[in-house]
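Participant: Which chain is which? The protein sequence lines are G and E, in order. Sequential numbering from 1 applies to the first sequence in UniProt numbering. Sequential numbering from 1 applies to the second sequence in UniProt numbering.
Do not take every clue at face value.
To be verified - With a straight-line Cα cutoff of 20 angstroms, these simulated DMTMM-like cross-link-like pairs (lysine to aspartate or glutamate) come out:
#1 G/Lys-131 / G/Asp-156
#2 G/Lys-92 / E/Glu-138
#3 E/Lys-92 / E/Glu-30
#4 E/Lys-148 / E/Asp-65
#5 E/Lys-92 / E/Glu-138
#6 E/Lys-141 / E/Asp-65
#7 E/Lys-92 / G/Asp-158
#8 G/Lys-59 / E/Asp-65
#9 E/Lys-59 / G/Glu-117
#10 E/Lys-141 / E/Asp-83
#11 E/Lys-148 / E/Glu-88
#12 E/Lys-148 / E/Glu-126
No wet-lab data here; the hints were simulated from the structure.
There are 2 protein chains.
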Amino acid sequence: MAPHSAPDSSRRSERSRVAILTAARELVTELGYTRLTIEAIAARAGVGKQTIYRWWPSKGAVVFDSILTLSEGPDGEGVELPDTGDLEADLKTVLRATAAEFADPAFEAPIRALNTEIINDPALAETYREKLERPMTEAKKRRLRSAKRAGQLAADADLDLVLDLLYAPLTQRWLLRSGPLDEAFADALVEATLRAFGR
Amino acid sequence: MAPHSAPDSSRRSERSRVAILTAARELVTELGYTRLTIEAIAARAGVGKQTIYRWWPSKGAVVFDSILTLSEGPDGEGVELPDTGDLEADLKTVLRATAAEFADPAFEAPIRALNTEIINDPALAETYREKLERPMTEAKKRRLRSAKRAGQLAADADLDLVLDLLYAPLTQRWLLRSGPLDEAFADALVEATLRAFGR
């Protein structure tokens with residue numbers, strides 16, 4: 001049996017792989033994670049179920065990889081935040097963009113489905129952090145370190161805490177639909193965080 | 001058919017109702033929400049499946065009510081935050097207690113299961129907010145308004161934003177298991193938020 005990992009992209013069946021990942025992303029958006037089945041993905045992609053099971057051990061694994069293909073580079077490589085020299089302006093740009101992504105059904109539905117799984121599956125959560133979240137977190141920290149050097153952020157600011165204050169309220173309002181998720185909210189988060197950790 | 005609502009607590013079958021809710025809470029902790037069935041709840045509670053369906057329309061509804069019984073008063077009535085006159089100390093007490101609850105499997109497992117449902121069910125999310133969250137939020141805002149009067153919080157502070165900054169990072173670390181959830185983190189959240197919104 002093949003190892004449980006994403007297929008080598010050089011294989012001839014690359015087209016099937018793309019079709020499967022596209023089908024998984026579309027179907028999780030249309031049906032939600034619970035009602036999504038491997039059968040439905042196979043039918044939409046025009047492949048046999050066994051083709052999917054040859055490459056992925058579970059429904060969760062396919063959906064996870066389908067979301068990885070949404071991110072810009074492989075494993076977030078090359079992700080950089082804007083650095084115009086104005087931390088407040090740059091963070092507002094980034095948080096407004098994040099809020100806009102959360103408002104886009106094509107983008108948010110598969111990530112919502114994945115989050116449901118992550119909440120109940122510590123191992124999948126760890127994979128998620130390693131593959132998707134860590135590269136983004138590193139890019140954010142690079143921007144914050146640049147701000148420290150520019151004297152726009154307190155030299156002793158705990159960067160994990162700064163990122164929690166910026167992003168956790170945004171993520172929570174999105175996941176729990178507990179309040180408006182607009183540019184005013186994004187801006188208010190940046191302003192409050194910089195009052196707490198500005199120079 | 002009986003209306004889809006929790007039974008009148010005055011009915012003779014109050015003992016069955018309590019047994020069902022206890023079974024639901026225990027089983028969601030032991031099995032997780034996905035593997036939990038109405039059959040299993042009925043067997044553990046020593047009642048027939050039809051007894052459960054007479055009172056609750058779905059698995060989600062039983063689990064939801066089983067969690068309501070965890071909160072102190074009916075619908076959170078009478079919930080008050082400590083008010084010693086020292087906002088920072090009181091918020092640290094409350095956030096440390098919240099972090100400790102999240103570390104207690106008997107408490108956190110059913111709420112984790114409920115959150116999974118809420119993320120995918122906007123109607124259930126609305127019920128959750130109305131029944132469980134709103135009374136707690138009102139109690140927290142009463143404490144923050146008292147702090148405004150005492151000059152310990154900026155008079156124009158947006159209380160929803162203050163609560164988001166205090167609680168969303170805590171909730172996110174718990175739900176996604178993305179970092180340590182200890183007293184140091186609770187204290188750091190209170191200190192950062194008060195730097196942003198203190199007088």
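Participant: List in ascending order the numbers of the hints, as given earlier, that are violated by the structure.
Facilitator: 1, 2, 3, 4, 6, 8 and 12
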